[in-house]
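Visitor: Take a look at the letters that make up each chain.
2 protein chains.
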Amino acid sequence: MQPTIADVARHAGVSTATVSRVINSQSVVAPATRERVQAAVRELGYQPNALAASLVRRRSHTLGVVLPDISNPFFPEVVRGLEDAAHASGYNVILCNSDLDTAKEIEYFEVLRQKRVDGLIYHSGTITADHLDAFRRLKLPVVLAATHDPRGELPCVLVDNRQAAAEAMEHLIGLGHGRIAVVTGSDPVSGESRLQGYRDALTRHGLTLDDGLALQAQWTADEAYQVTRELLKRRPLPTAIAAASDLMALGVMGALRDGGIRVPEDVSVIGFDNIRLAGTIRPALTSMSQPMYDIGKEAALLLIRCLAEEEPDSFRGRRLVLPHRLVVRESTAPPRG
Amino acid sequence: MQPTIADVARHAGVSTATVSRVINSQSVVAPATRERVQAAVRELGYQPNALAASLVRRRSHTLGVVLPDISNPFFPEVVRGLEDAAHASGYNVILCNSDLDTAKEIEYFEVLRQKRVDGLIYHSGTITADHLDAFRRLKLPVVLAATHDPRGELPCVLVDNRQAAAEAMEHLIGLGHGRIAVVTGSDPVSGESRLQGYRDALTRHGLTLDDGLALQAQWTADEAYQVTRELLKRRPLPTAIAAASDLMALGVMGALRDGGIRVPEDVSVIGFDNIRLAGTIRPALTSMSQPMYDIGKEAALLLIRCLAEEEPDSFRGRRLVLPHRLVVRESTAPPRG
DNA sequence: TTGAAAGCGGTACCAC
DNA sequence: GTGGTACCGCTTTCAA
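Top line first, the protein sequences correspond to chains A and B.
Basically this note's numbering = 1-based index in the first sequence + 242.
Basically this note's numbering = 1-based index in the second sequence + 242.
Hints in this document: simulated from the structure, not taken from any laboratory.
Note that this is a predicted model, so its numbers are computed, not measured.
Covered by chain B, per the in silico footprint, the following chain A stretches (three or more residues, Cβ under 8 Å): (1) 286 to 299; (2) 316 to 322; (3) 355 to 366; (4) 516 to 523.
Each residue gets a CB set at the ideal place from its N, CA and C atoms; glycine is no exception.
All chains, full assembly: derive it from the sequences and hints.
Guide: Right, dumping it as structure tokens:
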């Protein structure tokens, strides 16, 4: 059995209260006493039971993170930022993969609540009324990472998707492209606002998005590959394609390659996110960079700050918009001719 | 304040013992009583405090996972497998990024111990004597994922790296390659055993690994890129390159491309791991597949089974070797001429 | 400066 | 079947 605080107290000839004081370096303990206690701690190899402490303190110093799937390359970076920030502030992180499945989400919310995590970082495509309800029932501080809720109630940290997408499109237009296809995912916050952004830029330059050139895929490389293959069956081809995620851009590039079309000589491709591998593959992918690490980090920081606050409601509707940045690499070039 | 078990008991006109019984659906409770209690639970929105339960049960149903860096594409899949298995068995997972920094690892071990996780899943390149000591002090069941300890004391799940690497090399040799370079990382378990495997196959076919063709990099794409650039300055070039990870293979391919060398026409490249993106990029990467998801899953399962055991020591030295599999794609082909 | 003791929110043994 | 109650291991008044 592990030694308890009582063992340490006995060993040092003091009360448990005193041991507790030196462990938490609280109030003044006589130097001599402190020494004795520390010696006892060392000798017994005492490790305080955080469960017991959390029980009385009502603070577990643990955060819950629920996201769709850690194996989607977008998330590991976010989670890394998150965990780094949490760790630096003395928090740990419980990771939950929801697969965007509401039932699973609810299930996770419940255990997290039961395990008394101090707060929750949530990431998902869409925040529905059901989510809002669930969060309310949770009675736990929640911050949204890389998404936001339609009513703007929950604090969140993200980029300006619409603006960023518009700038990605501007890049293509600036290169001289006029016939441009887009491949987007289908959720309201990332998908639709990016699509809207693409449209904004097009419109601004007197261009339009042909019906046949607005492709929809499931945020996966495979689906993007498929829709692009379909696209290639129709003529004329676009001279550039904007994908709403790098993963999808990879699928697009694969389809082009397999269709005998060169990037960027025949068709330019721009992605979104700037995942690590974007610069590693060839042709290196031009991408609208989203500061994923920072999104995670800031989300954790926001949550932790919120926990320290007397008045957590002061964080209601707080919205942290992080800067995006165009990273030009090899996959985009002026159209031929 | 959250309602407690006492509130529920009062509300239902029973004792806390009875409430506890219905919550844990233990021993027999009269149907009528059960109903009343359940109603009370519902009405009050009662959520049991898992901290309190864990305190007395000495089981937190939480697992610790410490790995170098979740943003390395190898880990998300492992973690996904792990978390899925844990979730299915009623466990949660605390994620820790150690950056392979011993001080950080020790720090994590301590909090995890204090938070009374039931067990630990550990992944790292090298298990040193210090690690073994730390684990012993931890007094917690530990299972190693994708690695093993030199003394074979800790249970682990991994592939046969040496054999798998040998087969990867056989593939190249079978294609007709004779002048082959390898790029490996530097840790004993994955790095050296894969290097050894490459050598085994070469030797078996009367071939040797020239000094100039045994490259060493830090398991990153960037480093692999650099060493490959260096390699390209010397002639004659190898006709094939085996990389000990897909990430490194990506770096190798990038360097080849930038050096004007085509894959697989001029040089073949084979990776190791078969990360998700291996099949997405072009040329699609031939790779020795490691069942990352299953490694995580089986590691979690092994740990959980170990926790259920009366005699945890029966798991000492248990070693689960999962099958590897060659996945041939586009990046390997017979040498020219 | 230090100690006694009342919780924190459950569980589980022992009676009835 | 159900209730009383002694813990689990720690924190935190309140006194001394």
